[in-house]
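Given the sequences, and given the hints that come with them, work out the whole structure.
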Amino acid sequence: DAGITQSPRHKVTETGTPVTLRCHQTENHRYMYWYRQDPGHGLRLIHYSYGVKDTDKGEVSDGYSVSRSKTEDFLLTLESATSSQTSVYFCAITPSGGVDTQYFGPGTRLTVL
Amino acid sequence: GENVEQHPSTLSVQEGDSAVIKCTYSDSASNYFPWYKQELGKRPQLIIDIRSNVGEKKDQRIAVTLNKTAKHFSLHITETQPEDSAVYFCAARQASGSARQLTFGSGTQLTVLP
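Chains as they are written, first to last, in our numbering: chain Y, 17 to 129; chain Z, -4 to 109.
Mixed in with the good hints there might be a few duds.
What the hints assert, rightly or not - Covered by chain Y, according to a simulated footprint, are these stretches of chain Z (three or more residues, beta-carbon under 8 angstroms):
| # | segment |
| --- | --- |
| 1 | 13 to 21 |
| 2 | 97 to 106 |
To be verified - In silico SDA-like links for lysine to any residue, alpha-carbon gap of 20 angstroms or less:
| # | chain 1 | residue 1 | chain 2 | residue 2 |
| --- | --- | --- | --- | --- |
| 3 | Z | Lys32 | Y | Pro55 |
| 4 | Z | Lys53 | Y | Arg84 |
| 5 | Z | Lys52 | Y | Thr117 |
| 6 | Z | Lys32 | Y | Val104 |
| 7 | Z | Lys32 | Y | Lys73 |
| 8 | Y | Lys73 | Z | Gly(-4) |
| 9 | Z | Lys32 | Y | Asp116 |
| 10 | Z | Lys52 | Z | Thr73 |
| 11 | Z | Lys37 | Y | Thr21 |
| 12 | Z | Lys17 | Y | His57 |
| 13 | Z | Lys37 | Y | Lys73 |
| 14 | Z | Lys37 | Y | Arg125 |
No lab work stands behind these hints: they were computed from the structure. If you're wondering where the values come from, they're calculated on a predicted model, not measured in any experiment. Just so you know, even glycine gets a beta-carbon here, dropped at the ideal spot from N, CA and C.
Written as structure tokens, this is what we have:
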């Protein structure tokens, strides 16, 4: 499981509230990613990080922000949650050392009412 | 950016038969193509991958083929078993850009009928 945890694993919130999801890794990996998964759309990249304080936007970044103040934590924030952000969110890492493969965390199911 | 299309979206096969899932990609510079299996309620798990300098790779009952000229790659599962039932995703990684980003196909729901 590449030492990846996500918290919370499930969350129900109301439209307009801020939400922060946490991805934590224990193996000092440089690259970290946030995806959302919706039926019929596969996995779509929201934001990614290539080091502490180094982040960039992915395909579906509108309405999301991220922060990475230390190697082990990559935070995804929904500043003002909307119903269209109801989804399953996966964090992923690419191990260091020239490996291309991405490994995924267990996911967070977010419901915005 | 890269665009990956995956077909079919659903596939049913009899146990013991073969299953083939196909993906096409748009960026000829893409050089890494993984396949993931996702069981219901679980995380995607890597099952096999191939790099652009290789045309075929096998791992027991699973194989992947790559045609760089046509920009498509396929997953082949032989002697299917009920535990192969899952959603399968293909992906492609662009050679350019930072952070080794992957672009995923939309997934194939494979059902193996006993």
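Evaluated hints:
1. 13 to 21: Per the Cβ count (0), the hint is violated.
2. 97 to 106: Coverage by chain Y holds for the segment 97 to 106 of chain Z (6 residues, Cβ < 8 angstroms).
3. Z/Lys32 x Y/Pro55: Holds, because 15 angstroms separates the two Cα atoms, which is no more than 20 angstroms.
4. Z/Lys53 x Y/Arg84: Violated, because 38 angstroms separates the two Cα atoms, which is more than 20 angstroms.
5. Z/Lys52 x Y/Thr117: holds, 16 angstroms
6. Z/Lys32 x Y/Val104: Roughly 16 angstroms separates the two Cα atoms, so the pair holds.
7. Z/Lys32 x Y/Lys73: violated, 26 angstroms
8. Y/Lys73 x Z/Gly(-4): holds, 13 angstroms
9. Z/Lys32 x Y/Asp116: Cα-Cα ~17 angstroms, so holds.
10. Z/Lys52 x Z/Thr73: Holds, at about 14 angstroms.
11. Z/Lys37 x Y/Thr21: Holds, at about 13 angstroms.
12. Z/Lys17 x Y/His57: holds, 16 angstroms
13. Z/Lys37 x Y/Lys73: Violated, at roughly 26 angstroms.
14. Z/Lys37 x Y/Arg125: holds, 11 angstroms
Checked against the numbered hints above, the structure violates hints 1, 4, 7 and 13; every other hint is satisfied.
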